[in-house]
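Whenever a hint applies, use it, and build me the whole structure from the sequences.
Sequential numbering from 1 applies to the sequence shown in UniProt numbering.
These are calculated hints, taken from the structure and not from any lab test. This list has only true hints and no planted wrong ones.
BS3-like mimics (lysine-lysine), calculated; alpha carbons at most 27 Å apart, straight line: (1) Lys36 x Lys50; (2) Lys67 x Lys30; (3) Lys67 x Lys51; (4) Lys18 x Lys50; (5) Lys36 x Lys51; (6) Lys67 x Lys50; (7) Lys18 x Lys51; (8) Lys51 x Lys30; (9) Lys50 x Lys30; (10) Lys18 x Lys30; (11) Lys67 x Lys36; (12) Lys18 x Lys36; (13) Lys67 x Lys18.
Simulated DEER-style distance windows between Cβ atoms: (14) Gly42 x Thr69: 14 to 24 Å; (15) Gly62 x Lys18: 14 to 24 Å; (16) Glu71 x Asp34: 24 to 34 Å; (17) Lys67 x Leu44: 16 to 26 Å.
Each residue gets a CB set at the ideal place from its N, CA and C atoms; glycine is no exception.
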Amino acid sequence: MEEIAIHTATIQLDQLLKWAGIVETGGQVKTFLDEKLIMVNGSLITERRKKVQPGDVITVRGVGTWKVTAE
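Okay, here's the thing in structure tokens:
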């Protein structure tokens, strides 16, 4: 599991995925959500603007798993 360090208390899921280079566009995030491929802390996510924070674990099925950390 890789770590993604953020500099804020929270960040929106779509912004995090783009910032970390996991996706290239917001359209890819929407596609992943529509196909039910994204989970945060084991729960299926359907909203792009879901707030994530340090300690959260994000899984994109078929792509990987990342833990959000504070920097």
